[in-house]
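Here is what each chain is made of, one letter per residue.
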Amino acid sequence: MTRRYRVVHRTEYRYGAMMTDGYSVAVVSPRSTGLQTVVSADVTSDPEPDERDERVDQWGNHIVQFGVHRPHDHSTIESVSVVEVDTVMHPDDPTPWEDVAAIIAAAQGDQAIGVRPFASSSPFVDVGSNLTALRALAATVVTADMSVVDVARGLCSTIFEGFEFDPGFSEVSTPLADVLAERRGVCQDFAHLAIGALRSLGLAARYVSGYIETDPPPGEERLIGADASHAWCSIWTPGAGWVDFDPTNGHLPVERHVTVAWGRDYADVVPVRGVVIGPNADQDLVVSVDVARVG
Amino acid sequence: MVMSNTPIDALLGDHDRLLSWRERADRLLEAEGAGHLVHDLPVRSDGRATSAASRPWRLDPIPITLDRAVHEWLASAVAERMRALSVVLDDLHGARTLLRSGVVPADVLFASGAYRSEAVGSAPRRWLTVYAVDLIESADGVWHIVQDLTDAPVGIGYTLLDRSVMTRVAPTEMASAGVTPLHGFADAMRSALASCSTAESPRIVVFSGGLDHPSYVEQAYLSVQLGVNLVEGADLVVRQRRLWIRTLDGLEPVDVVLRRLEDPGIDPLQVDSYGAAGVPGLLSAARAGGVDLANAFGCGVIEALGRSGHLESAIAAMAPIGAALAPMPADTKVRLFPMVGDDGPHEAPVVVRMFAVDDGERVTVLPGGSGRVLAPGDDPREPTAGVAKDVWALRVPVRPVQRRSLPQVDFGSSVPTRVADSLYWMNRSAERAEAIARLMRTITSSFDQDPGLLEADGERRPSIAAALLRSVTTPFVGGEPEHDGLADHAAAVADATRELTRQIGSLMSEAITVREYLSATGGRLLAHLASIRASLTHDRPDVEQLDSLLADFAALAGLWNESTVRGPAWRIGDLGRRLERAALTRRLVVTGLTPGAGEPLGVGGPESWAAEITLAACESLVAYRRRHRSEVERRAAVAILIEDESNPRSLRHAITAVQRHAAAIGWTDGVAITERLSGAIDLTGVADELAALDSSVVSRWFSAPTHPVPLFGALR
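Sequence order for the protein chains is A and B. Per the working numbering: the first sequence ends with 295, consecutive numbering throughout. Per the working numbering: the second sequence ends with 1716, consecutive numbering throughout.
Just so you know, not all the hints are guaranteed correct.
Sample of chain B residues at the chain A side, in silico, Cβ under 7 Å [what the hints assert, rightly or not]:
#, residue
1, G1102
2, F1110
3, A1111
4, V1271
5, A1276
6, A1704
7, P1708
Quick caveat, the hints were computed from the structure, so don't treat them as lab data. Note that the structure is a prediction, hence the values are computed from the model and not measured. We put the CB at the ideal spot given by N, CA and C, even for glycine.
For reference, chain B alone in the conformation it holds in the complex (with noise of 0.2 Å):
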């Protein structure tokens, strides 16, 4: 079983290709993601902070890869295990006859923690639906089991991804080299996971751990290629025995649940369970048959199996296999693979992940898998490298999958309440983060333009561009105002950067948890959000950093506008963009151009500036010099931010936007609030109703609270 390595021969003299192809795998990963899961992401709108444990990981261009008659044996050798795991489950928790005959002896068995009380007896129509194993080749080339992933598999999602960029990297070495796709196995996937459940046109969901899951990028990931919607248990409840996903429109059902928590945090009612983790009662549903979960309750036993040891004999015992991957003995030699290095070529040990699904009939396995590399003193089952290779099965034959008939859902109707209170963080963060960068933009360009005007008239400009800076940054922010201007301001600037950050992050964290619902070039953005932020570390950022930020935003609007299915997501999330906005138009106004202190503003002077920075702050100065050649007015630009309806960053039009989406969403105290506001807009009034249309907003939809709290124990 020597692998052909002949595409590859030729690239591996070419060590500045491969260094090429590295960077650019770099850069496609981190726009997929996987790198932009900073780990100091900042507090989410519900208070829970982020610690997003995923670590960015690296793609050795290298690919491993695999020859016809090697990946079909693998693949036959694989499908046959997945089958005998199935029996062995099965007879766990049913007939136990390997505990009675002490092939599996109970006390190892029983004190593993993975035998979970609840699984016993249980008759799940089908244990694996989903299956990754780890091999590891040696170098005499025999293939051998490193360990079986059956609770909840992770890495087909990492493995779609590193493809997706290998094919993005080295397409035409790809082509000649006969790599076999992987796009169908999503499709192969689905049809598995549908026939779990009896259900004519069943929904399935991917039941995520959340964004502070380690495998949160892939969870992500999947479900897109699935086309499915990724859940978090705050979505899920269980009613009469059936599970459901909350969503703007009531509780919809669900009938698959591809589980990506293990058996002890998927129901906080099962014993022994991990506190609050999961969601109530689903093991309740599961046995009576209300859902079907992907892997069955229970399935983590087999892992527990093969760490004692155990778990050859069981197999041998219950469903003998012919041509057996066999565990691999300690001092065996492992076969090394080439690998690029920072300082040249070397070779290391891979781990080779193979995935596969059962959709009763038959057992499908990936043609290709995931390669991780051995740091030196790696245990096999748990690689520290953080890199990863692509496996390429070459020229094997694909057969094509029977589709099954699945729901439509909409993604643009369906909208969990989780998801829409994501959105609607999203947008207002990037609207806050938005201003305050344009804002900070204008009044450095300003200073930068002509330093003399920091000290003239008695640092007045100075004090007020602090004035300003802090109505956009409070009430999060924000200190008293200095006696000295200049020491005004610059405290204001460094308020103001930190907020910026701050918001960015926010913005970030919540769109993470929402990608299926934004355009796929929403995450290229994301990254370069994140490279900026990352450099924002100086107390004033510089006006070029201001106007990549301010076009990072310009396209993150672009494509909400331009990409987003109009429907009750779009419209959650742009009432968010609108909501904000108009606070802060308001608040702006409010500052810098103190409506109603009778004209003139004067020319030249501290007030006309501020009425100029005002302007430019809420992008509208263009508009207003279109209109008013003169100096600037303060009647007239009041006017054009406060009640010119065909600006779009006026609150006028704000306003009428909220009331839009209002009617459209049947939210009665939206229209009814937005309708006490057709009249001439009272600025100090407005505040009060504004913050009405969000309290509102947040108590109609996401204020009821959704995470389980233990009960105190009550024995005594």
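Just chain A, with the same shape it has in the complex (with noise of 0.2 Å):
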């Protein structure tokens, strides 16, 4: 089933002074992938920027670049996009997980240039020094030949069921093991969490950074992570691809979800980044993101 959506993301600073500059890096715009067309997107900036970079990153996501030259104190950048999105109801892939990691492992040529920087460490998520309690937490739904895809459909539910979403608990950077320790925390972090699990027993996952439809289905419950960027992962299986899955909300597949970037972690595709340059002031961030089902 195709259904087409219109998303603006909206991501406003207002600051408590005049910035004489302001520089920002925005990973806003969806991209296309096998299962999603975008229809149109266009970025914008206000204050209107000075100037104005475009250009795909390594993983093929799309990167503008603004830079504000002239005192302001707001910077708003708005995403307004038009996407159709397929979801594949049963992905599957019977391969068991051992002989995943053992392929991955071994892959060679474009094979490894696409699966194994999703196998290792990333900045956000560090597999060497959790190593112990990521493979304690894949211990708990992992057997032997389990299929890959079982592999991510058990840690999705069991992070969804043993953990708690708390949005006042994490910063941006909290680490692995404070997530592990206080078993709580907000969408990037369960996503990282899953990806540093499965990366433990030498499978690919990669961090993914997107939308959720804002208001539900008639019937359906409204998802987490509704009314903001929202986060989740998705897993290399040789058969079936990349298959996406969200921990926070316990789902596997996606359906409901626009796909912005995908990247290693949190580092390769946040949203909006950026410096200000100016006398010390407060910073107020105001984040709004409307996906609304069209036509």
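Build the complex: two chains, separate frames, hints provided.
Given below as structure tokens:
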């Protein structure tokens, strides 16, 4: 079933003083995927930027960089897009996860470049120093010869059931160890956790940023993360390719999700980051996301 | 490959002579700044505290010698390796055959943190322009690789500095040994840097981490040797995909950046950056070809591959080298080199760092290097001993460098704003410190000569002395006056001593960041000032210490006036000095001469004592005596300190100088305010006008904040 969405994502900073310069990098423009077609996408900045630079990063994500070089006390970046999304309702790959790990370790050619970067530590997913805890988490669901998709499915529900969604808990840079110890976090923490657990098994998992449909279809629950940027993850399988799942909502497959970008973890796809130059002042941040089904 | 130590052998028995060489080297290094980056420098004018971690190092005077054959073999191996590493870098960021074949496992590479996202797919004109490599010699004379330095290789500046010291310590011995000189290397390096750019006459800068960076001394020394600006992040700005340097006259374009900061620290907009470090947009500019980085962004990945053990196989796969330098097998016995020890000669292992630059056609290897002595248990990658050795390549023919035309950047007229800021505060601090020292000296010597003055007239004189001291130290320090004159004086002297120490520190920390604008002799003075500053631990410095300080300040002012090119940099610095002098003279006059109180001052009483102290503290007592043979009169004393244009210490003289500078640099506020002061000076009103001049200078040139602050993360 193809759904068509109109997405509006606004990120607004208000500064407690006039800034002389502002630079931002936005990863807020949805990308086309095997299941998603971008009909239109537009990213704007207010104040009108003095400089605008666009490029595609190493993962194929669309990056926009803005420079505002005159006094300003706010910065709003708005992304408006229309996308069409399909879902594979029953993704499956019966390959046992041990075999998948072996395939990844031996991967050559394009497969080595496509998969192996997602099988190791990254800035927010330090597999090495959390190896024992991550493997322990994985061990609660993984059995010998379990299919690779079932491993993801099991982890997805374990995290959904065993960890508390707590928007007050997490900073963007919460270390995995804290999330593991406190058993709570926000969407990017749960994504990092699932990714870390899979990588600790030698599997490849990537971080996906995007949105969830704001208003649920009749008779369905409103999902966590529907009013803001959301994050979930994707596991690599030799048969079914990348299979997305959302540990924050306990969903595999993802159905009401719009993909913006992916990378090894949050650091690769921070929706809006940057620096301002000016006096020391407060920064107020308001983010709003609206994902409406259209046509 | 046994090295010939013949020129050294004769020396080894002469321990006393070697010790004297080492002492001389210590002093010379200190004068160059290696020693005077003390650890407790205070807060700078922009509020940043300096925590200069640059530890003084010591030069062991026994060099390591490489005879011609050994050096030529090493040089060709180093050059070949540098080229091979460029091929590896090109592949890692482009075709990625090393990743496809698994020679470099992608998971290891990505987990290293050194494979920079923005570098993937980039195609800089040249990856490696500057290269350093650490080598170690085994006991059987085979040279091995310890590590490659490709990101922001450290050490060329140290090596040139150590060599300049050795050349002064042992010129005769070096000449007879046939030591190959290094001075052509700066030309080769400049030429290699210029060749990064397609610009006809490219402007080069050294991008430094600033005073807080551990190798700041080296960065400063290297920029002087190259004859290019030393800049920090705050000096640079990216506009329209080009890099510019902020100067007093606006933005000037930069073509090539020799970056002394590592990959993650050069642009805060990159993925996984160091927060706010670097120049926002620098990588966009580099990607667009608007500026060339030496080395290119991403070169740090080589060092990570070296650590993970995948580098040699990557080289073998991409660019096999004939006579290769191999990594050292674990249990290799290394060669020990003779050392001058404190308790007599001994031997220690030494890592030798060699350097090379690539101008696109040819790799030039420095005919020498830098030895770093290993302490027991040291990782050869990071020696802890802090002892260096000069490396002498003997009788190596040096190829003349084809000089490229570079823009004639006139340091007199092209002044980065931050430099002007530092020069302004450096001169203010110098003037303030000098005034405090001279006043303390005058008071101390008066009481030393006649201790009876302390208690005479109900301790009136110590009270006056305390008030005078507070007039030159407030508003920074100074408590409430005490009732008891002697106690009040003691407290004021202690405060003034602390303030003096603070001002000298401030002067030094500003001066260190603008070395290329100061005379080369300045280093010696700063080193000497640092040592006196360190001795000012007591609450009451003695006359001898103060005299010594005053001599240093006079020398510093002399260098400033006689050896600094007249241009905006000099004018901005001189403005600081004149404004400070005007403010201090006014305060001393108001406090010590109480103008308008009416004549006479009396003879031999506390008031005439105060008048003499004030004149002396303003360095004008001699001038007064030349004109007035009588006892000091209030009106005449005020006149010589305030309105007397011919007295360089007078308020009027200072204002006239400010006016001249204002006109020369087009500072309209300055011209307007000083014109208002052309009539008779009102000692109350002039204080506001001086403050207005100061805040106008600061807001016109220095107040725009230039340090980036990261935005909050936006995912939630």
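Tell me, which hint numbers fail for this structure?
-> Of the numbered hints, all hold.
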